[in-house]
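Respectively, the protein sequence lines represent chains A and B.
So the first sequence is numbered by my numbering: it starts at 1 and just counts up by one.
So the second sequence is numbered by my numbering: it starts at 142 and just counts up by one.
Mixed in with the good hints, there may be bad ones.
Here are the in silico distance ranges between beta carbons for each label pair [said to hold, decoys possible]:
| hint | chain 1 | residue 1 | chain 2 | residue 2 | range |
| --- | --- | --- | --- | --- | --- |
| 1 | A | Pro61 | B | His162 | 37 to 47 Å |
| 2 | A | Thr66 | B | Ala183 | 21 to 31 Å |
| 3 | B | Tyr256 | A | Gln22 | 36 to 46 Å |
| 4 | B | Glu201 | A | Tyr70 | 21 to 31 Å |
| 5 | A | Gln22 | B | Leu207 | 36 to 46 Å |
| 6 | A | Leu21 | B | Trp248 | 41 to 51 Å |
| 7 | A | Arg69 | B | His162 | 32 to 42 Å |
| 8 | A | Ile38 | B | Asn165 | 30 to 40 Å |
Please keep in mind that the hints were generated in silico from the structure rather than gathered at the bench.
We treat Cβ as the ideally placed atom computed from N, Cα and C, and that holds for glycine.
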Amino acid sequence: MHRFLKVPYLSSHDRPLSPHLQVFRLVFVMVLSGMHRISGLALSAGSLLLIGWLVAAARGPEAYATATRYFSSVPVRLVLAAALIAFWYHLFAGLRHMAWDAGLGFDKAVARKSGLTVVVLAALASIMTLALAWRFLVAPS
Amino acid sequence: MNRQAARGAAIAPPDPHATGHWRNQRVSAIALVPLGIWFLYALLMLPTLDYATVTAWIAEPLQALLLLLFAWCVLWHSALGVQVVVEDYVGGRLYAPTARLLQIAHWAAALAVAYSIWVIAVGGA
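Whenever a hint applies, use it, and build me the whole structure from the sequences.
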């Protein structure tokens with residue numbers, strides 16, 4: 001256990017606590033784990049855009065035109081592109097989590113390799129869908 | 142607490158909803174794999190994203206149904222995920238109101254989405 005810790009943890013406390021994030025040396029699989037949660041939260045926030053878009057479409061052409069102006073602003077386009085990347089990362093990382101739920105892939109070397117696979121697949125899927133979304137994101141009607 | 146009860150408490154989690162949460166998170170995740178890919182595909186294959194194209198797309202019954210399922214699964218999965226994050230990072234007196242508020246927000250969003258899709262697909266309002 002000690003080689004994973006930056007500081008001697010238990011000796012500095014009266015009672016044993018579960019070691020929290022800041023005492024661990026950052027390793028690849030931990031970064032991926034954190035990214036799963038961050039991408040999930042980002043997608044939760046991003047779902048507000050989906051809801052706003054649908055509500056605007058239901059309210060009629062004028063509301064939709066207003067939404068379109070908002071959606072084609074540069075910051076929102078960047079958010080949408082980021083949401084696309086977060087979507088793919090969260091999907092592939094989620095599948096990896098479900099493999100773990102089934103008891104598969106706990107070996108350290110396997111976990112590293114599956115993590116790398118998730119990153120590569122998410123990057124490829126992101127590039128492909130960003131290319132498809134290019135006309136909406138970069139040159140919207 | 143006698144020894145028998147203590148042993149029972151150690152085995153059974155005090156929160157009877159915990160296993161349900163775990164299972165629902167996985168069920169919604171599995172549903173979102175095909176639904177999410179379908180949504181991206183359907184959206185990116187639309188010729189344009191103007192009002193007429195988008196509402197005509199949602200007006201198709203199968204598309205409306207899939208869109209509703211997708212949006213509801215997103216919100217269901219989001220509610221479960223956000224709840225865990227709040228449990229981990231929001232402590233003390235703020236925990237209960239924060240969790241409740243986010244839960245209500247997810248329910249409100251689910252209703253707004255259903256109502257919007259209904260209006261677009263069936264008309265009325």
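Results for each hint:
no., hint, verdict
1, A/Pro61 with B/His162: 37 to 47 Å, "holds (41 Å)"
2, A/Thr66 with B/Ala183: 21 to 31 Å, "holds (24 Å)"
3, B/Tyr256 with A/Gln22: 36 to 46 Å, "holds (45 Å)"
4, B/Glu201 with A/Tyr70: 21 to 31 Å, "holds (26 Å)"
5, A/Gln22 with B/Leu207: 36 to 46 Å, "holds (44 Å)"
6, A/Leu21 with B/Trp248: 41 to 51 Å, "violated (32 Å)"
7, A/Arg69 with B/His162: 32 to 42 Å, "holds (40 Å)"
8, A/Ile38 with B/Asn165: 30 to 40 Å, "violated (22 Å)"
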